[in-house]
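So the mapping is simple: the numbering used here equals the position in the sequence shown, first residue as 1, plus 472.
If you're looking for bench data, these hints aren't it; they were derived computationally from the structure.
Here the structure is a predicted model, which is why all the values come from computation and not from measurement.
Idealized CB from N, CA, C, for every residue including glycine.
Hints are supplied without guarantee of correctness; some may be wrong.
With a Cα cut of at most 30 Å, we get these calculated BS3-like pairs of lysine-lysine [what the hints assert, rightly or not]:
#, residue 1, residue 2
1, Lys773, Lys551
2, Lys773, Lys759
3, Lys643, Lys489
4, Lys489, Lys773
5, Lys622, Lys632
6, Lys643, Lys759
7, Lys632, Lys759
8, Lys489, Lys536
9, Lys557, Lys536
10, Lys536, Lys632
11, Lys551, Lys536
Each pair of labels, with its calculated beta carbon distance range [to be verified]:
#, residue 1, residue 2, range
12, Lys551, Arg526, 21 to 29 Å
13, Ala558, Asp503, 14 to 22 Å
14, Asp525, Lys632, 36 to 44 Å
15, Leu762, Pro506, 19 to 27 Å
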Amino acid sequence: MRIVDLHCDTLFKSVTKNLPLDDCSHEVQLDFSPDSHKLQCYAIWLPDDYSGDRAEQTVFTAAKRLETECQRLHIQLLKQNDSVKAAFEANTNCAFLTVENGSALNGRLENVRRFAALGVRMMTLTWNAHNAIGDGADVQDGEGLTAFGKQVLREMEREKMIIDISHASEKLFYDVAEHTSLPFVASHSNAYAVTPHRRNLRDEQINLLIQRGGLIGLNFHNAFLNDNPAGASVTDILRHAEHFLSLGAEDALCFGSDFDGGILPADFQNSRVYSMLYELFLQHHYKESLIQKVFFGNALKFFENFDNPRRMM
473 MRIVDLHCDT
483 LFKSVTKNLP
493 LDDCSHEVQL
503 DFSPDSHKLQ
513 CYAIWLPDDY
523 SGDRAEQTVF
533 TAAKRLETEC
543 QRLHIQLLKQ
553 NDSVKAAFEA
563 NTNCAFLTVE
573 NGSALNGRLE
583 NVRRFAALGV
593 RMMTLTWNAH
603 NAIGDGADVQ
613 DGEGLTAFGK
623 QVLREMEREK
633 MIIDISHASE
643 KLFYDVAEHT
653 SLPFVASHSN
663 AYAVTPHRRN
673 LRDEQINLLI
683 QRGGLIGLNF
693 HNAFLNDNPA
703 GASVTDILRH
713 AEHFLSLGAE
723 DALCFGSDFD
733 GGILPADFQN
743 SRVYSMLYEL
753 FLQHHYKESL
763 IQKVFFGNAL
773 KFFENFDNPR
783 RMM
């Protein structure tokens, strides 16, 4: 099976609990079979209560851990100028390092460049609270993007680091759209019209992401999938997918599972759910060409071409 997953918290779990990436307790289960091709974006999450210095240092610790683990497991760790598509086709497992929460910058603009040099390909601007860049999803009537945040966006685009607005407040989302020229992503966010949670995207936001050539990663956390989290199931993932597709997200939709960071529905336990999902899409009469776009094609095309949006059209 071929899969690109824009977001998991397995690396944070690996760092904080001193666990190898192939530990059986992880929800991200590595597959080394010859017919498997997977690109996993490993986010290092920085909780809102991490101090600036602690958050910054955690990124460097996580980068070293991911590099060591990828070498041990023969996973290709992709860096800034690598051909994503070629690496994906040539390897059973590939990895990207990403950052979840721009508090990791510790208020230092030069850390954008330093993180890019480490191999960080994407950064979620906030978690749920306010940070030096702007407001997270829990902030109401905030300022949106700060002056420092505008500098960060310019520097991220200069360094070809993808801007991720999952966890952003609505005002921050629209401020990002106003102050950027390259496409941006919602790496792990679902549809508000299906499940009205503050972390999910409203239709206007979805339309804007589509128009800008961005990506939207389906999130598997139960409270983002269903108003009744205890009743969430794999079919809710399909419900959100269908809503996104009804708005024209055929070339924007992918996965951002939130494995090892969220609470999964009761009917699956780990990343082996992708086989079930593939069959579920087929059973609902989706063409395999569209399924393949969602499972890997859209994300691969984005990673390969995001700094030249004309090539994405």
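For each hint, the structure was consulted:
1. Lys773 - Lys551: The given pair, whose Cα atoms are some 16 Å apart, holds under the 30 Å limit.
2. Lys773 - Lys759: holds, 19 Å
3. Lys643 - Lys489: The hint is violated at about 35 Å.
4. Lys489 - Lys773: This hinted pair is violated, its Cα atoms lying about 34 Å apart.
5. Lys622 - Lys632: holds, 15 Å
6. Lys643 - Lys759: violated, 37 Å
7. Lys632 - Lys759: violated, 33 Å
8. Lys489 - Lys536: holds, 15 Å
9. Lys557 - Lys536: Holds - the C-alpha atoms of lysine 536 and lysine 557 are around 24 Å apart, at most 30 Å.
10. Lys536 - Lys632: holds, 21 Å
11. Lys551 - Lys536: holds, 14 Å
12. Lys551 - Arg526: 21 to 29 Å: holds, 26 Å
13. Ala558 - Asp503: 14 to 22 Å: holds, 20 Å
14. Asp525 - Lys632: 36 to 44 Å: Violated - the Cβ-Cβ distance for aspartate 525 and lysine 632, about 27 Å, lies outside 36 to 44 Å.
15. Leu762 - Pro506: 19 to 27 Å: For leucine 762 and proline 506 the Cβ distance comes to about 26 Å; the hint holds.
Hint compliance for this structure: hints 3, 4, 6, 7, 14 are not met, and every other hint is.
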